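The listed protein sequences derive, respectively, from chains A and B.
Quick note on this note's numbering: the first sequence kicks off at 4 and runs consecutively.
Quick note on this note's numbering: the second sequence kicks off at 305 and runs consecutively.
Just so you know, not all the hints are guaranteed correct.
As the list claims (entries may be wrong) - SDA-like mimics (lysine to any residue), calculated; alpha carbons at most 25 Å apart, straight line:
| no. | chain 1 | residue 1 | chain 2 | residue 2 |
| --- | --- | --- | --- | --- |
| 1 | B | K468 | A | I291 |
| 2 | A | K458 | B | S332 |
| 3 | B | K468 | A | V378 |
| 4 | B | K671 | B | T873 |
| 5 | B | K468 | A | T365 |
| 6 | B | K468 | A | I375 |
| 7 | B | K878 | A | I433 |
| 8 | B | K878 | A | N447 |
| 9 | B | K468 | A | K458 |
| 10 | B | K468 | A | N447 |
| 11 | B | K468 | A | S363 |
To be verified - Have a look at the derived ranges for each label pair, beta carbon to beta carbon:
| no. | chain 1 | residue 1 | chain 2 | residue 2 | range |
| --- | --- | --- | --- | --- | --- |
| 12 | A | G362 | B | I850 | 29 to 37 Å |
| 13 | B | L871 | A | I70 | 43 to 51 Å |
| 14 | A | Q492 | B | D333 | 43 to 51 Å |
| 15 | B | T879 | A | E209 | 38 to 46 Å |
| 16 | A | I70 | B | T879 | 45 to 53 Å |
| 17 | A | S363 | B | S310 | 47 to 55 Å |
| 18 | A | K30 | B | I324 | 46 to 54 Å |
| 19 | B | T879 | A | S206 | 36 to 44 Å |
| 20 | A | G53 | B | D333 | 42 to 50 Å |
Worth flagging that the hints you see were computed from the coordinates, not collected in a lab.
Bear in mind that the values here come from a model prediction, so they are computed numbers and not experimental data.
For every residue, glycine included, the Cβ atom is placed at its ideal position computed from N, Cα and C.
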Amino acid sequence: MTWLTLLMALPLAGSLAVAALPKTNEKLVKQTALATTLIVMAATIAMALGFQRDNVELQFVEKYSWIPFFGINYALGIDGLALVLILMSTILAPVVVLAGWNESHGGRWSVKTFYILILVLETMMIGVFAATDVFLFYVIFEAMLIPVYFLIGGYGTGERSAAAVKFLIYSLFGGLLMLASIIALYVMSGAQGGHTFDLAALSSLEMSSTTQDLLFLGFFIAFAIKAPLWPLHTWLPDAAESATPGTSVLLLGVLDKVGTFGMIRYCLTLFPEASKTFTPMILVLAVISIIYGAILAIGQRDLKRLIAFTSISHFGFITMGIFAMTSQGHSGATLYMFNHAFSTAALFLVGGWMISRRGSSTIADFGGLQRITPVMAWMFFLAGMSSLALPGLSSFVSEFLVLVGTFTRYPAHAVIATCGIVLAALYILIPVQKALHGPTTPGNENLSDLNLREKIAIAPVIAIIVVLGFYPSPLLKVINPAASHVIAQLGFNDPVPTNGSK
Amino acid sequence: MMSSHSLVYLIALPLAGAAILLLAGRRSDKWGHLLATGLSASSFFLGLYQLSLMLSRSNEQRPVGQKLFEWISVGTFNIDAGLMLDQLSICFVLLITGVGTLIHIYSISYMSHDPDRRRFFAFLNLFIAAMLLLVLGDSYLNLYVGWEGVGLASYLLIGFWNQKLAYATASKKAFVMNRIGDMGLSFAIMIAFATMGTVSFTGVKAAAEHTSTAALTAIGIMLLLAATGKSAQFPLQAWLGDAMAGPTPVSALIHAATMVTAGVYLITRSNFIFDAAPTAQLLVVIVGAITLMFGALIGTAKDDIKKALAASTMSQIGYMILGAGLGPVGYAFAIMHLLTHGFFKAGMFLGAGSVIHGMNDEVNIRKYGALRKFMPITFATFGFGYLAILGVPPFAGFYSKDMIIETAFNSGGIKGIILGSVTLLGAGITAFYMTRVMILTFTGTSRWDEEVHPYESPWLMWLPMAILAVGSVTSGYLLSHGNALVNWLSPLFESHGEHDEFLPPMVVSGLALAMVAIGVAIAFLKYSRSDVDAVAPSDVSIFTTIARQDLMQDRFNEAVFMRPGQLLTSVLVKTDEAIIDGAVRGVGRAAMGTGATLRGVQSGFVRSYAALILIGAVALIAAIWVVVQ
Numbered sequence: 004m005t006w007l008t009l010l011m012a013l014p015l016a017g018s019l020a021v022a023a024l025p026k027t028n029e030k031l032v033k034q035t036a037l038a039t040t041l042i043v044m045a046a047t048i049a050m051a052l053g054f055q056r057d058n059v060e061l062q063f064v065e066k067y068s069w070i071p072f073f074g075i076n077y078a079l080g081i082d083g084l085a086l087v088l089i090l091m092s093t094i095l096a097p098v099v100v101l102a103g104w105n106e107s108h109g110g111r112w113s114v115k116t117f118y119i120l121i122l123v124l125e126t127m128m129i130g131v132f133a134a135t136d137v138f139l140f141y142v143i144f145e146a147m148l149i150p151v152y153f154l155i156g157g158y159g160t161g162e163r164s165a166a167a168v169k170f171l172i173y174s175l176f177g178g179l180l181m182l183a184s185i186i187a188l189y190v191m192s193g194a195q196g197g198h199t200f201d202l203a204a205l206s207s208l209e210m211s212s213t214t215q216d217l218l219f220l221g222f223f224i225a226f227a228i229k230a231p232l233w234p235l236h237t238w239l240p241d242a243a244e245s246a247t248p249g250t251s252v253l254l255l256g257v258l259d260k261v262g263t264f265g266m267i268r269y270c271l272t273l274f275p276e277a278s279k280t281f282t283p284m285i286l287v288l289a290v291i292s293i294i295y296g297a298i299l300a301i302g303q304r305d306l307k308r309l310i311a312f313t314s315i316s317h318f319g320f321i322t323m324g325i326f327a328m329t330s331q332g333h334s335g336a337t338l339y340m341f342n343h344a345f346s347t348a349a350l351f352l353v354g355g356w357m358i359s360r361r362g363s364s365t366i367a368d369f370g371g372l373q374r375i376t377p378v379m380a381w382m383f384f385l386a387g388m389s390s391l392a393l394p395g396l397s398s399f400v401s402e403f404l405v406l407v408g409t410f411t412r413y414p415a416h417a418v419i420a421t422c423g424i425v426l427a428a429l430y431i432l433i434p435v436q437k438a439l440h441g442p443t444t445p446g447n448e449n450l451s452d453l454n455l456r457e458k459i460a461i462a463p464v465i466a467i468i469v470v471l472g473f474y475p476s477p478l479l480k481v482i483n484p485a486a487s488h489v490i491a492q493l494g495f496n497d498p499v500p501t502n503g504s505k
Numbered sequence: 305m306m307s308s309h310s311l312v313y314l315i316a317l318p319l320a321g322a323a324i325l326l327l328a329g330r331r332s333d334k335w336g337h338l339l340a341t342g343l344s345a346s347s348f349f350l351g352l353y354q355l356s357l358m359l360s361r362s363n364e365q366r367p368v369g370q371k372l373f374e375w376i377s378v379g380t381f382n383i384d385a386g387l388m389l390d391q392l393s394i395c396f397v398l399l400i401t402g403v404g405t406l407i408h409i410y411s412i413s414y415m416s417h418d419p420d421r422r423r424f425f426a427f428l429n430l431f432i433a434a435m436l437l438l439v440l441g442d443s444y445l446n447l448y449v450g451w452e453g454v455g456l457a458s459y460l461l462i463g464f465w466n467q468k469l470a471y472a473t474a475s476k477k478a479f480v481m482n483r484i485g486d487m488g489l490s491f492a493i494m495i496a497f498a499t500m501g502t503v504s505f506t507g508v509k510a511a512a513e514h515t516s517t518a519a520l521t522a523i524g525i526m527l528l529l530a531a532t533g534k535s536a537q538f539p540l541q542a543w544l545g546d547a548m549a550g551p552t553p554v555s556a557l558i559h560a561a562t563m564v565t566a567g568v569y570l571i572t573r574s575n576f577i578f579d580a581a582p583t584a585q586l587l588v589v590i591v592g593a594i595t596l597m598f599g600a601l602i603g604t605a606k607d608d609i610k611k612a613l614a615a616s617t618m619s620q621i622g623y624m625i626l627g628a629g630l631g632p633v634g635y636a637f638a639i640m641h642l643l644t645h646g647f648f649k650a651g652m653f654l655g656a657g658s659v660i661h662g663m664n665d666e667v668n669i670r671k672y673g674a675l676r677k678f679m680p681i682t683f684a685t686f687g688f689g690y691l692a693i694l695g696v697p698p699f700a701g702f703y704s705k706d707m708i709i710e711t712a713f714n715s716g717g718i719k720g721i722i723l724g725s726v727t728l729l730g731a732g733i734t735a736f737y738m739t740r741v742m743i744l745t746f747t748g749t750s751r752w753d754e755e756v757h758p759y760e761s762p763w764l765m766w767l768p769m770a771i772l773a774v775g776s777v778t779s780g781y782l783l784s785h786g787n788a789l790v791n792w793l794s795p796l797f798e799s800h801g802e803h804d805e806f807l808p809p810m811v812v813s814g815l816a817l818a819m820v821a822i823g824v825a826i827a828f829l830k831y832s833r834s835d836v837d838a839v840a841p842s843d844v845s846i847f848t849t850i851a852r853q854d855l856m857q858d859r860f861n862e863a864v865f866m867r868p869g870q871l872l873t874s875v876l877v878k879t880d881e882a883i884i885d886g887a888v889r890g891v892g893r894a895a896m897g898t899g900a901t902l903r904g905v906q907s908g909f910v911r912s913y914a915a916l917i918l919i920g921a922v923a924l925i926a927a928i929w930v931v932v933q
């Protein structure tokens, strides 16, 4: 059965349905969008139930010739890594639609356009993780920029155009480097048995180490911009500050994961030797991102920028886990991608509700919310606890796996990164104190607490954060085989216990 | 290890209580406190049941375990959600649930006027559950969950009245300083996994024999760092005084009897590491010795009754840590002092709460005086606690503290003499500051304002105080009679033969009592003979000033960590915008070949960007082509 095509077609069909609706019936537009995302989520879960956990080969494979002249195929297939990320995307989509029910109002374009963009984006989010043809991946990778560009520039706040352009320029620049690398791969494949963009075929190409290094960088820089790694991060705080909360969730939760996903799927698979060459440098950048992102988060006065910087720190953890080349680091990084999506979603959505009620995103404008809007305050607090990786919540499991997995091979990096947990306590508890505690700041007296729709939207996110904190096994069982496979392909084994003798 | 199916209920009951109360919200206002108290009591009775089962088995058969489910499993990193109850953890289970239930009962009345009493009880239940997980977890990672769980409960309870900014700040300070300690626990777990390939207690114990001293020392030092955070030991002690912002029952339960002693648990639980890592062990002793003096000195200058007691807690835990550092002999004595301290310090804190309650929330002992007549029960129960902490025979502290002093002297050589002297001196200072609190609060003339009408607390409050007072009187004798506790715990600890006796027990007791007598006498001379100022005198020596400011701990932390940290943060925020983003913008401008700013050219020039990007792409492809060929 062509599950993956079906998954991609569903939101696209939903967007067509929305397009056919009258512009004036906003409620129906929203309901259609919500129904579509819920159906996609259900379909994804149904597909996941048929996934063979211990099979490391690609599953649900589809392949159709697309542009035969160039050897380009419409080829899809998923392993544990891709499955987890598609699940993450399709669970987040209905949450975002429901949580941001009113955030499309006051945009440059209609409510209808907003949901068409969201649904088209969902199709691409599934496709980008499922693609096994490098050219198809590239096309979706670049095409995703378009809906996001319009979502930020058309529906955001503040200097939304500037932020959207900055996002676009950064991404296009990265995409350009990747395109160059892809074309080079294509050319080489022609000399070694036939032009192709097939990922598996390209990964067995022979190339000189210089070539491999250069092509690796083309991919890696594109991905390091997506999942912002220091010093390529400066577009993210601007974009997150201007975007609507829902857009930010999709941007940081899903789109940025394409970067870390790409590092595993493309950088490590296509260029194993270059990956090893650049590992020391990448690990340093990752550790800098962890600490730097955390310190910058502490220094922010704007709530949305603060959350964006916490994500830069978290992406540092994910990147470090990927390049630690241990099963714990790798599985931890993959699980981290999933968990980060939900804890950041919780932060952005609840933060967004606070901001829209208060009419300001400056942290100092809040104060005493705990006693005015207790439910909202509690949700923000829980989201914060998840972000600082409190044991018992989901992010702890992934963060600790990354740290312990890194420590066994690169103790110094892990030690510095662990200092990030103290900084995390600061970047969460400072805004918690300023926004939720203390006496009520004038102007906050009449803020309303979460309504039923908002409670329903946030409940599954919180439930996932709590349940996966205690019972991550179902996800880990899907992730582990894929992660170990990648590590083994690169020729790495987990370090064995040393008994302290070096 | 035998397996049990019922351990999980010890934790599940209070955890369910917390969940029900938090989720039901205001609907449970009427009965929430009763449910929480009942669940805490149920856990206590389950604990007693477990104890009876243990008593019916032989020594080796006593530990029981329960595997709940597979928690984290990646490669060789396999962690089950598993519990373990042995001779050590049962002591804690009974202390936590026993004292915890008494404090639940006390709080029903103490918090009866608070509109958020239900939330308070939810947090108390959350704390009990987390603390039980801490002592029942069968691996360092399970312990970690409880370890940060109690930190969370402590944070929520210190900041229970966080509408006051100072209280909110106090709770944040406690959390952050604890996180520094938690980092140590993370490191210890990582080193253990990297060197031994396991993080379960039984696994690490078995592997420790084959592991290098260097690795064990590193683990030991990191565990000590964790202990200093949670147990408010030097150098991470500064949060405990501020933590008194929480309601007094919280101070009694979390910041005196149970949570702050978790560091002592961690060290005794890790005896197999410290026994094989003398350097780490020595550091433990040093930290304990410094803190016991540090806390005692602060205690001499505090006018806030809760802060005086908090300083005393810090100091008494210093004794326990020191004892634990003198393992294997000292482990059992550390635990014994921990248990007796749990009774008498919780009792005194509840007594302080009773006084504060009767005095319109006044906490300054200079504004008390002569309360003996108005609060006879509080006076009596507090008095028993006082005699216990002084170590007057036959009260509890006499047995437990003297054992630590004795062990310190007997640890041999110069080290023994120094440690013994420090513990003796500490006993004297303790006697001084506790007598000071006692005199200023309960005797002499009244110094309170006219509108204050002190009254004795209702029975719901004094009953728990009375029960704890019984413990303050008898627990030392009961635990040491026939070496009961030492024998009970002995299967867990390696016995390394008897140490040489440096001083006979009688001499140690005599010296300790002499020091106590001196401390009491000085306090009497200073505070009992003349009238006490209701306002703290300002013309005091530099030493008093420093002691009043907690030996400058906050100033030190602010000057060395906080301000440089804030400076670094603001510098980085500025450079991120100016330099990193600026550099990117500069490259962008150069690439565009235009002097206009990004902001200036934005939307209208998107097409030219695209064109430029295309040109760039072609150039790059050409470059790569050359390389590939």
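Which of the listed hints are not met by the structure? Result: hints 1, 4, 8, 9, 12, 13, 14 and 18 break, sorted rising.
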